[in-house]
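Make the full structure from the sequences, and use the hints.
There are 2 protein chains.
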Amino acid sequence: MRKPKIVILGAGYGGLMVATRLQKSVGTNEAEIVLVNKNDYHYETTWLHEASAGTLHHDRVRYDIKDVIDRNKVEFVQGTALEIKTEEKKVILESGEIDYDYLVVSLGAEPETFGIKGLKEHAFSIVNVNAARQIREHIEYQFATYNTDAEKKDERLTIVVGGAGFTGIEFLGELANRVPELCKEYDVDYHKVKIICVEAAPMVLPGFDPELVNYAVSHLEKKGVQFMIGTAIKEATPEGIIVGKGEDEVEEIKAATVVWAAGVRGNSIIENSGIEAMRGRVKVQPDLRAPGHDNLFIIGDCSLIINEEINRPYPPTAQIAMQQGEVCARNITALIRNKTELETFTPDIKGTVCSLGEHDAIGVAFGKKMVGTKASFMKKMIDNRALYMVGGPSLVLKKGKFNVL
Amino acid sequence: MRKPKIVILGAGYGGLMVATRLQKSVGTNEAEIVLVNKNDYHYETTWLHEASAGTLHHDRVRYDIKDVIDRNKVEFVQGTALEIKTEEKKVILESGEIDYDYLVVSLGAEPETFGIKGLKEHAFSIVNVNAARQIREHIEYQFATYNTDAEKKDERLTIVVGGAGFTGIEFLGELANRVPELCKEYDVDYHKVKIICVEAAPMVLPGFDPELVNYAVSHLEKKGVQFMIGTAIKEATPEGIIVGKGEDEVEEIKAATVVWAAGVRGNSIIENSGIEAMRGRVKVQPDLRAPGHDNLFIIGDCSLIINEEINRPYPPTAQIAMQQGEVCARNITALIRNKTELETFTPDIKGTVCSLGEHDAIGVAFGKKMVGTKASFMKKMIDNRALYMVGGPSLVLKKGKFNVL
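Top to bottom, those sequences are chains A and B.
Numbering-wise, the working numbering puts 112 at position 112 of the first sequence, and it's gapless, one number per residue.
Numbering-wise, the working numbering puts 1378 at position 378 of the second sequence, and it's gapless, one number per residue.
Hints were generated in silico from the structure; no laboratory data involved.
The structure presented is a predicted model; accordingly, all values stated were derived computationally and were not measured.
Think of the CB as a built atom: it goes at the ideal place given N, C-alpha and C, for glycine as much as any other residue.
Be careful, since some hints might not be right.
[Stated by the list, open to error] Here are the simulated EDC-like pairs of lysine to aspartate or glutamate, each with C-alpha atoms no more than 20 Å apart in a straight line:
| id | chain 1 | residue 1 | chain 2 | residue 2 |
| --- | --- | --- | --- | --- |
| 1 | A | K184 | B | D1067 |
| 2 | A | K66 | B | D1067 |
| 3 | A | K254 | A | E235 |
| 4 | B | K1038 | A | D187 |
| 5 | A | K192 | A | E155 |
| 6 | B | K1184 | A | E151 |
| 7 | B | K1152 | A | D40 |
| 8 | A | K184 | B | D1040 |
| 9 | A | K5 | A | E83 |
| 10 | B | K1184 | A | D40 |
| 11 | A | K153 | B | E1151 |
| 12 | A | K399 | B | E1110 |
| 13 | B | K1038 | A | D67 |
| 14 | A | K152 | B | E1239 |
| 15 | B | K1038 | A | E235 |
| 16 | A | K38 | B | E1151 |
| 17 | B | K1120 | A | E151 |
| 18 | A | K3 | A | E235 |
| 19 | B | K1398 | A | D67 |
| 20 | A | K38 | B | D1187 |
| 21 | B | K1120 | A | D149 |
| 22 | B | K1152 | A | E94 |
| 23 | B | K1038 | A | E151 |
| 24 | B | K1153 | A | D189 |
| 25 | A | K184 | B | D1059 |
| 26 | B | K1153 | A | E94 |
| 27 | A | K38 | B | E1271 |
| 28 | A | K152 | B | E1094 |
| 29 | A | K184 | B | D1149 |
| 30 | A | K120 | B | D1067 |
| 31 | A | K90 | A | E309 |
| 32 | B | K1399 | A | E358 |
| 33 | A | K283 | A | E251 |
| 34 | A | K254 | A | E94 |
| 35 | A | K399 | B | E1249 |
| 36 | A | K38 | B | D1064 |
| 37 | A | K38 | B | D1189 |
[Claimed, not checked] Derived CB-CB ranges, DEER-like:
| id | chain 1 | residue 1 | chain 2 | residue 2 | range |
| --- | --- | --- | --- | --- | --- |
| 38 | A | I349 | B | K1120 | 43 to 51 Å |
| 39 | A | N403 | B | E1155 | 37 to 45 Å |
| 40 | A | K38 | B | L1082 | 50 to 58 Å |
Below is the structure:
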């Protein structure tokens, strides 16, 4: 009898969780396990804002996949998935193809630009390691160039962050800490630098406790961040952005750096493969399978789970992706052992902490609101826990965050 | 009786030497001494290639002028000189003007582009700290961007250095060491990187011993540098350069980074002020005064001294500028004491060492040819000596180079 073949697409939080759990639960005789990922490394998506601002080196944000998988159990294929042929049970890669009996799609998110003109061309997005270090270097280059211009262009020192959600706020926190260092490095007058957060919604950090939001905003404002709330970006141009002002008016904000952090959507491979989705996110069944596909699991940012309490989707987070990964691994193990009863996934939100730079944060953990160093410490514990879940104590020691103050 | 006012324009090797020698030799009652410089720091022009390649931080390459001048004796004015009005004995600054009785012009060199089209717009020059860190950041940004391009552009990884003279070769040595680090930092395949040296003259390092030149070329070639000797740059474009090939043909070399290191000329203020000069360099009298101006000394890269042995001008170097500074200070001291006999300047070339990266070099010192670590050590001694001459042992300890291997 042929061994069933389990293919996992993507080595993010969810995919690595599936792979590391399956390599423990499934015997080599029971199934073949293949992990496919674009890079030979995993990166901590939730730490990319630090690498983008330049406050944490990008090598601290990634680790080799081979360090955490058991290569006797899991075959690693470096490749980029282009399309899933569900009828033929195979995945088309950029080079070659791969067939499967069970497929896990854990491909993460893409930036959602909501059709805003010029954003794709003229704005950066904090999407991966390549993008993060490009943003870091782009900002540094603007500072480095400022003093070489015959006529000083202050817009070189203007950084616009689109979006006051989780990623936007965390990135602003790092930027606010980084800018004084950049000013020193490149002999730039701190008062010439502008960091502007433009948010279309009428609020910062929707879903967060208002007291915590106030703390975050006043912390960032004290560090020089300007907030333009309830202000929509109409267009991004080579010179900056154009925002709506009042009913019909628009205003140009000149900025050499525009970082779009206002939204994500599921991976476009989902739609390219004809799987029903909303903005690339599939409303999965309780057992994490795509509706109508009994061998296709979708987890992480490409899945959509409804929070019944408020009847809204849970925002995609690493926390949920990892919890889904564990359930997904158990359900696949059950399936290859011909069990029909699959486990139902229910998110267990232990807490949410939004960092405001290295030594400050706001958040709720174990039902308690917290700010400042306490919240910042909790954030580092959350970051270290993600490492621990995938790679155990050795990975925490290697890549963990310990600089508490 | 009014005290004579000595104004020194420029705090490079020559200018600082004049200032630090005058503050020792001249009493506060004898003369007023003013040092004018664009920045409040001095930088080691001969180390800028390291800061440009990113192998030495630019803060290691500069120090505060106030750390080496005696402010009871020398007044420091931060300003940019635009024109010298010799008849009126005053200097026009970007803001304000300053009158003098004795003027020392020690303003250093500017890049000489020989009218080659596009060079000023599209090529970098290693001229000062601002330019050096811009070059460093520009190169880093190209590497950082390489992996984010949907279609990889290998020309992002091509660096053209125009000129195989002293600066060109020293910069190539640093680049060759830096590129493997950049490849690691940005996950770039080393074999995709090209470092090309384009030199119009039929030789590398003219004036150097052929055996040493061979050592340098083969060292750099081993590290991946391609030499295109006897090849003239016809034009620089936003995409790279166009070089002559054979009689009438041209060839395009696509390169995101073009650094022009093929020639310098004196400061253009010389011509703007109606002082007779060749490419901004004034053939000074033996006592270092400009012909026809008995209160105007010109030293360093704006002066031109003929090497009688070969009937050619000495190339402008820090060594000569500093020696001129000492003589200039003694001659001014003599003049304010109403002595008429001035000292004649004769260069005393102690040696010339061209570095090939941190741990290798070629050169001649005290009449001996040397290569490798010995030459590299000698280079560091020369660099440290320049610090010692201006700021004594404390400046050497603060800014010196000691990492011998």
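Hint-by-hint comparison with the structure:
1. Distance check on the hinted pair: K184 of chain A and D1067 of chain B sit about 19 Å apart at the alpha-carbon level, within 20 Å; holds.
2. Taking the CA atoms of K66 of chain A and D1067 of chain B, the gap is near 53 Å; set against the 20 Å cutoff, the hint is violated.
3. Between K254 of chain A and E235 of chain A the alpha-carbon distance is near 12 Å, which keeps this suggested pair within the 20 Å criterion.
4. A hinted pair counts as satisfied when its Cα atoms are at most 20 Å apart, and K1038 of chain B with D187 of chain A qualifies at roughly 13 Å.
5. About 9 Å separates the Cα atoms of K192 of chain A and E155 of chain A, which keeps this hinted pair within 20 Å; it holds.
6. For the hint linking K1184 of chain B to E151 of chain A, the alpha-carbon distance of about 36 Å lies beyond 20 Å, and the restraint is violated.
7. Among the hinted pairs, K1152 of chain B with D40 of chain A is consistent with the structure: their alpha-carbon atoms are about 19 Å apart, no more than 20 Å.
8. Only pairs whose Cα atoms come within 20 Å are accepted, and K184 of chain A paired with D1040 of chain B is accepted, the gap being roughly 14 Å.
9. Proximity of K5 of chain A to E83 of chain A is assessed by CA-CA distance (about 18 Å); at most 20 Å being required, the pair is judged to hold.
10. Between K1184 of chain B and D40 of chain A, the direct Cα distance comes to roughly 14 Å. Compliance with the 20 Å bound is thereby established for this hinted pair.
11. With a CA separation close to 31 Å, the supplied pair K153 of chain A and E1151 of chain B exceeds the 20 Å bound.
12. This hinted pair does not check out: K399 of chain A and E1110 of chain B have alpha carbons roughly 48 Å apart, beyond 20 Å.
13. Taking the CA atoms of K1038 of chain B and D67 of chain A, the gap is about 53 Å. The hint is violated against a cut of 20 Å.
14. Restraint check for K152 of chain A and E1239 of chain B: the C-alpha separation of about 25 Å exceeds 20 Å, so the hint is violated.
15. Distance hint between K1038 of chain B and E235 of chain A is unfulfilled; the C-alpha atoms sit about 40 Å from each other, more than 20 Å.
16. For the suggested pair K38 of chain A and E1151 of chain B, the alpha carbons sit about 16 Å apart, so the restraint of at most 20 Å is met.
17. The suggested pairing of K1120 of chain B with E151 of chain A holds, with an alpha-carbon distance near 16 Å, which does not exceed 20 Å.
18. For the hint linking K3 of chain A to E235 of chain A, the alpha-carbon distance of about 53 Å lies beyond 20 Å, and the restraint is violated.
19. Simply put, K1398 of chain B and D67 of chain A have alpha-carbon atoms about 43 Å apart, too far for the 20 Å limit, and the pair is violated.
20. With a CA separation close to 13 Å, the supplied pair K38 of chain A and D1187 of chain B stays within the 20 Å bound.
21. Annotation: proposed proximity of K1120 of chain B to D149 of chain A holds, straight-line Cα distance about 13 Å (limit 20 Å).
22. The hinted pair formed by K1152 of chain B and E94 of chain A meets the criterion: a straight-line CA distance of about 15 Å does not exceed 20 Å.
23. For the suggested pair K1038 of chain B and E151 of chain A, the alpha carbons sit about 16 Å apart, so the restraint of at most 20 Å is met.
24. The hinted pair formed by K1153 of chain B and D189 of chain A fails the criterion: a straight-line CA distance of about 35 Å is larger than 20 Å.
25. Taking the CA atoms of K184 of chain A and D1059 of chain B, the gap is near 10 Å; set against the 20 Å cutoff, the hint holds.
26. At roughly 19 Å between alpha-carbon atoms, K1153 of chain B and E94 of chain A fall within 20 Å of each other, so this suggested pair holds.
27. Restraint check: the Cα-Cα separation between K38 of chain A and E1271 of chain B comes to about 59 Å, which exceeds 20 Å; the hinted pair is violated.
28. Taking the CA atoms of K152 of chain A and E1094 of chain B, the gap is about 15 Å. The hint holds against a cut of 20 Å.
29. At roughly 31 Å between alpha-carbon atoms, K184 of chain A and D1149 of chain B are farther apart than 20 Å, so this suggested pair is violated.
30. For the suggested pair K120 of chain A and D1067 of chain B, the alpha carbons sit about 50 Å apart, so the restraint of at most 20 Å is broken.
31. Distance check on the hinted pair: K90 of chain A and E309 of chain A sit about 38 Å apart at the alpha-carbon level, beyond 20 Å; violated.
32. A C-alpha spacing of about 32 Å is found between K1399 of chain B and E358 of chain A, which places the hinted pair above 20 Å, so the restraint is violated.
33. A distance of roughly 39 Å separates the Cα atoms of K283 of chain A and E251 of chain A; the hinted pair therefore is violated under the 20 Å criterion.
34. With a C-alpha separation of about 39 Å, the suggested pairing of K254 of chain A with E94 of chain A is violated against the 20 Å cut-off.
35. With a C-alpha separation of about 55 Å, the suggested pairing of K399 of chain A with E1249 of chain B is violated against the 20 Å cut-off.
36. Only pairs whose Cα atoms come within 20 Å are accepted, and K38 of chain A paired with D1064 of chain B is rejected, the gap being roughly 49 Å.
37. About 16 Å separates the Cα atoms of K38 of chain A and D1189 of chain B, which keeps this hinted pair within 20 Å; it holds.
38. Remark: the range hint 43 to 51 Å for I349 of chain A to K1120 of chain B is contradicted by a beta-carbon distance near 59 Å.
39. For N403 of chain A and E1155 of chain B, the Cβ-Cβ distance of about 40 Å falls inside the hinted range of 37 to 45 Å, so the restraint holds.
40. Look at K38 of chain A against L1082 of chain B: about 55 Å separates their beta carbons, and that is inside 50 to 58 Å.
Violated hints, listed in ascending order, are 2, 6, 11, 12, 13, 14, 15, 18, 19, 24, 27, 29, 30, 31, 32, 33, 34, 35, 36, 38; each of the other numbered hints is respected by the structure.
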